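There are 2 protein chains.
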Amino acid sequence: MTKRKKEKSGGTDELSNPTEGMEKRIDDNKKKWKNMAVRTLWTFVMIGGFFAILAAGHSMVVILVVIIQTLVYKEVIALAHVPSKEKKLPWFKTLNWYFLVSTNYFLYGESIIYYFKKAVLVDAFILPLATHHRFISFTLYCIGFVLFVANLKKGHYKFQFTQFAWTHMTLLIVVCQSHFIVNNIFEGLILFLLPVSLVICNDIFAYICGFFWGKTPLIKLSPKKTREGFVGAWICTVIFGFFWGSLLMRWNYMICPVSKDLTATAWSGMTCEPNPVFISQKYVLSPWLSGLLKRLIFTDIRTIWIAPFQWHVLVMSCFASLIAPFGGFFASGVKRAFNIKDFGQSIPGHGGITDRMDCQFLMGLFSYIYYQSFIKTTSLSVGTVLYSIINSLKPSEQLELLDSLQQYLIGQGLVEEGKVACVSTA
Amino acid sequence: MTKRKKEKSGGTDELSNPTEGMEKRIDDNKKKWKNMAVRTLWTFVMIGGFFAILAAGHSMVVILVVIIQTLVYKEVIALAHVPSKEKKLPWFKTLNWYFLVSTNYFLYGESIIYYFKKAVLVDAFILPLATHHRFISFTLYCIGFVLFVANLKKGHYKFQFTQFAWTHMTLLIVVCQSHFIVNNIFEGLILFLLPVSLVICNDIFAYICGFFWGKTPLIKLSPKKTREGFVGAWICTVIFGFFWGSLLMRWNYMICPVSKDLTATAWSGMTCEPNPVFISQKYVLSPWLSGLLKRLIFTDIRTIWIAPFQWHVLVMSCFASLIAPFGGFFASGVKRAFNIKDFGQSIPGHGGITDRMDCQFLMGLFSYIYYQSFIKTTSLSVGTVLYSIINSLKPSEQLELLDSLQQYLIGQGLVEEGKVACVSTA
Numbered sequence: 001m002t003k004r005k006k007e008k009s010g011g012t013d014e015l016s017n018p019t020e021g022m023e024k025r026i027d028d029n030k031k032k033w034k035n036m037a038v039r040t041l042w043t044f045v046m047i048g049g050f051f052a053i054l055a056a057g058h059s060m061v062v063i064l065v066v067i068i069q070t071l072v073y074k075e076v077i078a079l080a081h082v083p084s085k086e087k088k089l090p091w092f093k094t095l096n097w098y099f100l101v102s103t104n105y106f107l108y109g110e111s112i113i114y115y116f117k118k119a120v121l122v123d124a125f126i127l128p129l130a131t132h133h134r135f136i137s138f139t140l141y142c143i144g145f146v147l148f149v150a151n152l153k154k155g156h157y158k159f160q161f162t163q164f165a166w167t168h169m170t171l172l173i174v175v176c177q178s179h180f181i182v183n184n185i186f187e188g189l190i191l192f193l194l195p196v197s198l199v200i201c202n203d204i205f206a207y208i209c210g211f212f213w214g215k216t217p218l219i220k221l222s223p224k225k226t227r228e229g230f231v232g233a234w235i236c237t238v239i240f241g242f243f244w245g246s247l248l249m250r251w252n253y254m255i256c257p258v259s260k261d262l263t264a265t266a267w268s269g270m271t272c273e274p275n276p277v278f279i280s281q282k283y284v285l286s287p288w289l290s291g292l293l294k295r296l297i298f299t300d301i302r303t304i305w306i307a308p309f310q311w312h313v314l315v316m317s318c319f320a321s322l323i324a325p326f327g328g329f330f331a332s333g334v335k336r337a338f339n340i341k342d343f344g345q346s347i348p349g350h351g352g353i354t355d356r357m358d359c360q361f362l363m364g365l366f367s368y369i370y371y372q373s374f375i376k377t378t379s380l381s382v383g384t385v386l387y388s389i390i391n392s393l394k395p396s397e398q399l400e401l402l403d404s405l406q407q408y409l410i411g412q413g414l415v416e417e418g419k420v421a422c423v424s425t426a
Numbered sequence: 001m002t003k004r005k006k007e008k009s010g011g012t013d014e015l016s017n018p019t020e021g022m023e024k025r026i027d028d029n030k031k032k033w034k035n036m037a038v039r040t041l042w043t044f045v046m047i048g049g050f051f052a053i054l055a056a057g058h059s060m061v062v063i064l065v066v067i068i069q070t071l072v073y074k075e076v077i078a079l080a081h082v083p084s085k086e087k088k089l090p091w092f093k094t095l096n097w098y099f100l101v102s103t104n105y106f107l108y109g110e111s112i113i114y115y116f117k118k119a120v121l122v123d124a125f126i127l128p129l130a131t132h133h134r135f136i137s138f139t140l141y142c143i144g145f146v147l148f149v150a151n152l153k154k155g156h157y158k159f160q161f162t163q164f165a166w167t168h169m170t171l172l173i174v175v176c177q178s179h180f181i182v183n184n185i186f187e188g189l190i191l192f193l194l195p196v197s198l199v200i201c202n203d204i205f206a207y208i209c210g211f212f213w214g215k216t217p218l219i220k221l222s223p224k225k226t227r228e229g230f231v232g233a234w235i236c237t238v239i240f241g242f243f244w245g246s247l248l249m250r251w252n253y254m255i256c257p258v259s260k261d262l263t264a265t266a267w268s269g270m271t272c273e274p275n276p277v278f279i280s281q282k283y284v285l286s287p288w289l290s291g292l293l294k295r296l297i298f299t300d301i302r303t304i305w306i307a308p309f310q311w312h313v314l315v316m317s318c319f320a321s322l323i324a325p326f327g328g329f330f331a332s333g334v335k336r337a338f339n340i341k342d343f344g345q346s347i348p349g350h351g352g353i354t355d356r357m358d359c360q361f362l363m364g365l366f367s368y369i370y371y372q373s374f375i376k377t378t379s380l381s382v383g384t385v386l387y388s389i390i391n392s393l394k395p396s397e398q399l400e401l402l403d404s405l406q407q408y409l410i411g412q413g414l415v416e417e418g419k420v421a422c423v424s425t426a
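Order-wise, the sequence lines are chains P and H. Yeah, the first sequence ends on 426 if you go by my numbering, and it's all consecutive. Yeah, the second sequence ends on 426 if you go by my numbering, and it's all consecutive.
These aren't lab readings, by the way, just hints derived from the structure by calculation. Model, not experiment: these values are computed from the prediction. There could be a bad hint or two in this list.
[Said to hold, decoys possible] For the chain P half of the interface with chain H, some residues (derived, Cβ under 7 Å), not all of them:
#, residue
1, Trp166
2, Pro287
3, Ser290
4, Leu401
[What the hints assert, rightly or not] Some, not all, of what chain P presents toward chain H, calculated at C-beta under 10 Å:
#, residue
5, Ile67
6, Ile68
7, Arg134
8, Phe135
9, Lys153
10, His156
11, Thr170
12, Leu221
13, Lys224
14, His312
15, Leu314
16, Cys318
17, Phe374
18, Ser388
19, Leu393
20, Ser404
Beta carbons are placed, not taken as given, at the ideal position from N, Cα and C, and that holds for glycine.
Bound-form chain P, shown alone:
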């Protein structure tokens, strides 16, 4: 604190020189302060807005992600435009937006069909859209593809194909990845909020640790990043994640998946049977470990309660600290390749929205795949199985299944043989 003050007063000292540049200096300083104020104001606006949206329910969070994704797509696509050439190719910008819309139609359709199966299957208007969803999406893509080829213009081929490739890469890296973030929201808000927090936390601590201990440069792409900051942020993120995760997982609104109830908010008292990973288990510490703790923190701890999810958070923290920053380096590289400082001016004082989101996409995809692979419990319930039996099997097959299931349960000793023999004769 004192150090900073000194620097500031040092700055004021210089200003006291009654030279010609003085007024300019004051102007510059005013601008700097104004910029800082704007930046701070918008930081609070963003934080406040974020929590308000978070509390307003899953659908609001999804809308937020869609808006952010669209802005990032716009900023990244704009990079590859060469304005002078673009003027002669009026369809080109339209086509980029067309590809965004049709990709989103495909991806969000897939999510909605998967997560809201019953609602979709009941609605007579949506049903045909759902059953032929992939065909409709493919048709949309084909129209875009044909329009692209039909609009190829002599002398612009290389430019147009490069743009086409760039659009496809952006669709893959930004749009598809943010789609998985939306799936995370449906699986439970904690899967959205925790990864986002881990990345932000890692960003902040990389800055702080780098500021205090940073000496060795980390990567040529970002000269300001240091190894000390990288490692320090890793440690801090792991500790933060462990406690932040254990805090969030106590709240049903965070851990309950969305089933049909998109109207839930933070105050509506969402309930569900929690995934067992969120339930704390008792661990008995080995004598030497509790002895060590006693010496270190003067407390006699013999047992601790930890939920399996907290171990999973450790993995996610490590990913947020070690791999996700490469998303940021990638974005820095893109900025350097196109000789720009920021991706845009979407957020006053902060630069483009892409500058704030660069690591979030990779983290979101990781969280999704990690969750699907290691955390998610089977999504089969008695209801869904019965539903598919009734809808997809013929009556004769239903009877056959009933018979087989009984035979199996008899074999398992769960049903008494004599009592069920009567059914197979029906």
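Place chain H on chain P using the hints.
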């Protein structure tokens, strides 16, 4: 025939001039003839090889597709290489191959898990690979991504990012699309052979019709293509497809999906319960239509037998004639953008393999999606349902399901009530 002979003899006449260029002419002509011979020879080698592979079983066809896909990837990726710059970036070529391998690991893994579920789930060695397949694939991709970012070199950024985008577009357009061709093979060889034939047939008839009636140019990209050729080929492909489809669908080896039996060949007598779309239905012609036919072809036809699949083939023929050629135009555009005549020299006398495959990828994806959306019957069988019940439901849920199913079947009048009441008490 005479016309061609005349042209040839005209060529020989010119050669009789005793000028200096004569020997060169003879040399040129020899080369031309040798080239023609090589091209013809290789055309027959390809056709013969193709049918031999087709008869050798599904797995051989899959291997063929994988080889072709790899060659196309190699040719397309090579386009964006700038050799002089590439030398300084030794990891770059390796990374491109790494991305191909990891994408294929992901895609073929998905197919294998989907089509050979039971075999995979039983094998203790493959099982962990299957249950965490997506996570492993993502890890592989992340390694590639991190290596790419870590290998970014100052002064090459723009080149490297363009290459990265190009690689991703190729992965999407070539590798992902050919993956769906593999899925088609597993669903039944007809879904592979028919689209491939339709595209080839359309190519040939576009050439023939263009040769005889071609006047109006079709698209600036390919000056040799004409509207007359395009429309003529469309009509011919529709007629060819209708009959070729009705011929192929009579053969079990063509229409049976692969379930577990990858050892089947054309002679092993594959059997299955055919999809109802392959079974011919009787259509009674309206009097005026049969009257029309009588006047036109002097035959009294009152009823015809047509399988629903033949109508589907009409749609596929139209796609092969109207949309798939845009894949070819796209490839022409790429060649023009990079100022090359052919994509490579993979097939002696034919140019690169990409030149022969350009329309096949889009057609393969279309066939897959069309099949999934409109032709495929439900894949649920009593066995798979029972399998998922036993593996994914707890014993208490299994009992609950048994009870619910019985209640449902009683409600439907398929099971008598008094006889089953005994089970729910078990």
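Which constraints among the numbered hints does this structure fail? Numbers only, ascending. 2, 3, 5, 6, 13, 14, 15, 16
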